[in-house]
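Starting from the two chains in their separate frames, assemble the complex, guided by the hints.
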Amino acid sequence: MSGQTLYDKLWDSHLVKQRDDGTALIYIDRQLIHEVTSPQAFEGLRLTGRKPWRADANLATPDHNIPTTKAERSRGLEGIIDPVSRIQVRTLADNCRDFGITELDMNDIRQGIVHVVGPEQGATLPGMTIVCGDSHTSTHGALGALAHGIGTSEVEHVLATQCLMQKKMKNMLIRVDGKLNPGVTAKDIVLAIIGEIGTAGGTGYTIEFGGDVIRSLSMEGRMTICNMAIEAGARAGLIAVDQTTIDYIRGRPMAPQGDMFSRAAEFWKTLVSDADAHFDRVVVLDAADIIPQVTWGTSPEMVAPVTGFVPDPDLEKDLSRADNIRQALKYMGLKPGTAIKDIKLDVVFIGSCTNSRIEDLRAAAAVVKGRKVASTIELAMVVPGSGLVKQQAEAEGLDKIFIEAGLEWREPGCSMCLAMNADQLPAGKHCASTSNRNFEGRQGFGGRTHLVSPAMAAAAAIHGHFVDVRDILLDTART
Amino acid sequence: MKAFTVHTGLAMPLDRANVDTDFIIPKQFLKSIKRSGFGVNLFDEHRYLDKGEPDSDNSQRPLNKNFVLNQPRYQGASVLLARENFGCGSSREHAPWALDDFGFRVVIAPSYADIFFNNCFKNGILPIVLDKNLVDKLFKEVNAAEGYTLTVNLLAQSITRPDGSVIHFEVDAFRKHCLLNGLDDIGLTLEDADAIRAFENQWREKSPWYFKSA
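Protein chains in written order, with my numbering: chain A, 1 to 479; chain B, 1001 to 1214.
It is possible that some hints are incorrect.
Once the Cα atoms are required to be at most 25 Å apart in a straight line, the calculated DSS-like pairs of lysine-lysine come out as [unchecked claim]: (1) Lys168/A <-> Lys1176/B; (2) Lys317/A <-> Lys1140/B; (3) Lys1065/B <-> Lys330/A; (4) Lys341/A <-> Lys330/A; (5) Lys317/A <-> Lys1132/B; (6) Lys1051/B <-> Lys330/A; (7) Lys344/A <-> Lys372/A; (8) Lys429/A <-> Lys335/A; (9) Lys167/A <-> Lys1132/B; (10) Lys1206/B <-> Lys168/A; (11) Lys1002/B <-> Lys51/A; (12) Lys168/A <-> Lys269/A; (13) Lys330/A <-> Lys317/A; (14) Lys1176/B <-> Lys167/A; (15) Lys9/A <-> Lys1212/B; (16) Lys429/A <-> Lys330/A; (17) Lys1132/B <-> Lys170/A; (18) Lys51/A <-> Lys1034/B; (19) Lys429/A <-> Lys1051/B; (20) Lys269/A <-> Lys1212/B; (21) Lys1034/B <-> Lys1002/B; (22) Lys1051/B <-> Lys1065/B; (23) Lys269/A <-> Lys1206/B; (24) Lys1137/B <-> Lys317/A; (25) Lys1206/B <-> Lys17/A.
These are calculated hints, taken from the structure and not from any lab test. Nothing here was measured: the structure is a model prediction, and the numbers come from that model.
So that you can see chain B by itself, here it is in the shape it has in the complex (with noise of 0.2 Å):
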């Protein structure tokens, strides 16, 4: 996986509560069987005025200039501002996928959805999640002033504002030791296969019905 330790990156504000999977990556695009080139259907729906099919020439489709993806100060931008239980609905680790092959690198936003907030950090994406308060003062300042861009400090566990002052953030501090090393969870697991094989005979002793073949 993919390691994060410091980033720098232009903010872009998703002002919208609930944001689930199907808006960050619809379902047309799931069909496909590779892990990368979900970045040009990110926001499909919100992003593009037609509707995108995974044959689409993306460069010939009408934007969305009114979608926030789309407006010129927000190009290049890295760092996802978002609203409440962000991520929810589908399990499609695609969602990620987009955001990363996108760009995006890091989500602040007051609360997230189990399975996505889990799915970022195997795909080396950074969701933070701070107060409602703070997440509000953060939109107010990334609408006030263009090229609004923080630094992510995973180490420090610090954010830092363009005028020098710093936001801290709780993360787990077992994600934290994977995410800042890019440890593969596989690797990691599979140190503990004895662990695993002793459980799995005991198990197995004392409930055999779960060991019948499928």
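Here chain A stands alone, though its shape is the one from the complex (with noise of 0.2 Å):
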């Protein structure tokens, strides 16, 4: 017999109940709860006079709709102009109160992106499953937690129950060997492997990351990786535990203490996929392949290296993807064969679950140090992923660096990416930006997306338009 997988062993040390069609139950360690997925789901449980099955596994802060101007954040829930976006924050509050649920509010310290919150708090820990009304939940699986997005309906099931009924994934492996190379990033790689598998790839599976690049990134950039598992089409990604992930999660205030904490960290050693272990599927990249990306479509495989051009839907065979290319290409606005860094820009959007941790400012700031934003660029914004991050980044003085560079340094939230609060792209604008998706409308309506990483964002915002940031990061170092 073959040994087991990192999936394997979470999925079977959570298993209530197998029944015999397939389906189980699986128990629920945590979920975290924000304004825009958990209002029906608190509604349900008052129609059925349902109470939560255990208040203290969930964890709430609002993220989706908060504004990220000062002006706004300092007057509070009633600050906020928008009055749909005050119900719904102001929503969440109340069931957290009502139902005794802890919320960290839009004007805690803590409060900020739920997938950069979890971690940080140490609300999420190894082994154990999480679940969130939002499909980047993959994030936390960066730690070794089998977490995954879920809907409206399964929050409150999970609220009402503690467990949520499913079907066992199948076990994908994406490995990547190498070393990699100066100035590629967690972002390029989670974006290649996209390019490489396809949005629909990693349907039906759990993917676990692995490789002597993923083993070397830190846990900034872990969950990076794991947080764009959804884009690949894998409810779920997984990165086993090793000694980074367990300094992390030292002293972390929701983390167990002491002579507690040596014994959970002797557990989650265990939490590795067996040398023996079957996966169902294996793809292997190789680092030395690997620069920075840049997706030019509507879709987060539609990606090219920096280096590279668009590409001319007449050359293509397959006559489906030809379409989707042409249909992607009409709404970005770009022509066939345009080189990627002859792609000029309007907007530049650093922050979002995948993107806003201290790492990623870092590395953004390094880059715009004692330069300044190019006249052409309209609008280049920092929103820190939480108030902790923020408060980091502050002491380490990037925000002046960001400040005296021209871009806009902003309150905690998940802003632009989603562009639920008053951050819009325009209609029309490109916009260099470190989310994780490019849909038709996502960042604003008619808004033209390009994923990269901090540091490629950061470099277009001080150019105008892409340009490879290795050769930057070299200039940078000759000086």
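Here's what the structure looks like:
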């Protein structure tokens, strides 16, 4: 008999009941809650007279809707100008109070994007099952937790039963071997992976990311990788626990302390796939082939290296793929054969649950330090992932570097990643964005998104068009 | 939950791969704290020519006459014919809520994104997976014949075409059972409350670090 994958182990350890038809009842250790996908779930509890099974397993924070300007934020809930957003944020606060759930409210220093807050607070721990009414819950898999997004009916189900009804997924291993080129980041790796397997490549699978390159990444980088597992179609991404994971968790407020931490850490170290584990599919990438990536289309799989070109649909043999390219280029206002470096930008957005952690901000700051945002850029903004990330960045002086270079320094939230608040990309404008989706209208009605790493976004802000950030980094090293 | 047994309805083709949930219902409508009323904003960015807001009077907005949903021959459609990876992206259950509120009861596609697929069953919508070539064929037939109507029978797992021929489809047995009977998932799970409690007790014993209060 072959060994178990990490996913097998996490699944087995949470199996409450296996039904003959293949469905199973899985115990959920943690639910993260935000304002957009929870109101109808709480309403459902009220209508049926049900109570949370374990209120203390839930942690809430508003992120999708809240404003990121100091003016609006400093006036608290009542300061939210959009009345519909204000009601939603207030509803979250009311629901959490009524059902006894801890909420890090909009002016709590610990507030932020749920997927930044969970790991930061130690609410995300290895070996847990974690859900949230948000597809980017896959982020938490970076800590060796089985984590995935769910719909609102399931949010209510988990609140009421602490369980989910599920069928087991298949196992996929994506290994990135070799040594990463300088200037290439976790974001470039995951975009390259999606370019390789496609946006539906991981559908029906849990993807474990492994190999020397993944092992060498910081926790922030690992979270960027797992965050975008869903963009490859996989509900959950995973990275095995190692010393980097354990060191990251130590001392976090909700993590176990003292002896309990040591005991937990011993257990967490077993959260790796066995050497003889069976994977249904294995994909191997060589890091040497990966250089900074830029998306040119309306799906994350429509990606090219920065040295590449916008594809020509007439050269595409698969007719439906050619149609997709045509549709995308029309929406993006791009001509086939355009060099990626010739794409001019209007807006730069550095933030989102993919890339708003301290390491991301450091990488962006290193590029813009002592430089100025190009005069053709209409708006360049940096939105930290949480109040604590913001505080840390300010302690390091990163805010000053951004402001001196001409970028706006905002309050934490999801912001222009999905543009539910006032931070919207205007129609027809091109945006270099560190977020995760370049769908039509995602960042704003008619907006044109190009997904890149924080360093690439920062470099684009300085030049007004895409440049190979490796050239800038070389430049910086020389001076 | 609403039960699904047999449905007969006009088919509408949405000829586009990787339709994401932002396409199905744009983010500004997710600010609602209700479960209903999303139908008028289904496919909003393609159905109307302007940008919609939650407080827009949709009856006054300019329609995109080229978009399939607005074409006279597809008025009243309730069976959506779609391409691969339908419903990818955001986990928003507002997407099936919008489809349901508009009147779609069945989606037929070669493949779906996992979360969307799951969300459909929670809302009495039946997402059917058919072979890509068969879906291609249905697209051709719908385009060729106005008033193309399909009858979907969940119990028999069959789709009957206008010419009387029958297509068989697969569906997960448990989901079929829940959908046919309109079962309340939560009620069903709570029948296993003792098993959940027993699991929880041994798990707490074994790994107390997961039970620290938030």
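To see whether the hints hold, each was checked on the structure:
For the given pair, Lys168/A sits about 18 Å from Lys1176/B by alpha-carbon distance, which is consistent with the 25 Å threshold. This hinted pair checks out: Lys317/A and Lys1140/B have alpha carbons roughly 21 Å apart, not beyond 25 Å. Only pairs whose Cα atoms come within 25 Å are accepted, and Lys1065/B paired with Lys330/A is accepted, the gap being roughly 19 Å. A distance of roughly 19 Å separates the Cα atoms of Lys341/A and Lys330/A; the hinted pair therefore holds under the 25 Å criterion.
In summary, the hint linking Lys317/A to Lys1132/B is supported, as the alpha carbons are separated by about 18 Å, within the 25 Å threshold. For the hint linking Lys1051/B to Lys330/A, the alpha-carbon distance of about 18 Å falls within 25 Å, and the restraint holds. Restraint check for Lys344/A and Lys372/A: the C-alpha separation of about 17 Å stays at or below 25 Å, so the hint holds. In summary, the hint linking Lys429/A to Lys335/A is supported, as the alpha carbons are separated by about 15 Å, within the 25 Å threshold.
Restraint check for Lys167/A and Lys1132/B: the C-alpha separation of about 24 Å stays at or below 25 Å, so the hint holds. For the given pair, Lys1206/B sits about 23 Å from Lys168/A by alpha-carbon distance, which is consistent with the 25 Å threshold. Distance restraint check for Lys1002/B and Lys51/A: the Cα-Cα separation of roughly 23 Å lies within the 25 Å cut-off, and the hinted pair is therefore satisfied. About 23 Å separates the Cα atoms of Lys168/A and Lys269/A, which keeps this hinted pair within 25 Å; it holds.
For the hint pairing Lys330/A with Lys317/A, the CA-to-CA distance comes to about 19 Å; that is within 25 Å, so the pair holds. With a C-alpha separation of about 14 Å, the suggested pairing of Lys1176/B with Lys167/A holds against the 25 Å cut-off. For the proposed pair Lys9/A and Lys1212/B, the alpha carbon gap of about 22 Å is at most 25 Å, so the pair holds. This hinted pair checks out: Lys429/A and Lys330/A have alpha carbons roughly 14 Å apart, not beyond 25 Å.
Of the supplied pair hints, the one linking Lys1132/B and Lys170/A holds, its CA atoms being roughly 22 Å apart against a limit of 25 Å. Taken as a hint, the Lys51/A and Lys1034/B pair is honoured in the structure, with Cα atoms around 20 Å apart against an allowance of 25 Å. The hinted pair formed by Lys429/A and Lys1051/B meets the criterion: a straight-line CA distance of about 15 Å does not exceed 25 Å. Straight-line distance between C-alpha atoms of Lys269/A and Lys1212/B comes to about 20 Å, which keeps the hinted pair within the 25 Å bound.
About 17 Å separates the Cα atoms of Lys1034/B and Lys1002/B, which keeps this hinted pair within 25 Å; it holds. Distance restraint check for Lys1051/B and Lys1065/B: the Cα-Cα separation of roughly 16 Å lies within the 25 Å cut-off, and the hinted pair is therefore satisfied. Taking the CA atoms of Lys269/A and Lys1206/B, the gap is near 15 Å; set against the 25 Å cutoff, the hint holds. Between the alpha carbons of Lys1137/B and Lys317/A the distance comes to roughly 21 Å, so the proposed pair stays at or under 25 Å and holds.
Distance hint between Lys1206/B and Lys17/A is fulfilled; the C-alpha atoms sit about 18 Å from each other, no more than 25 Å.
Of the hints listed earlier, there is not a single one the structure fails to meet.
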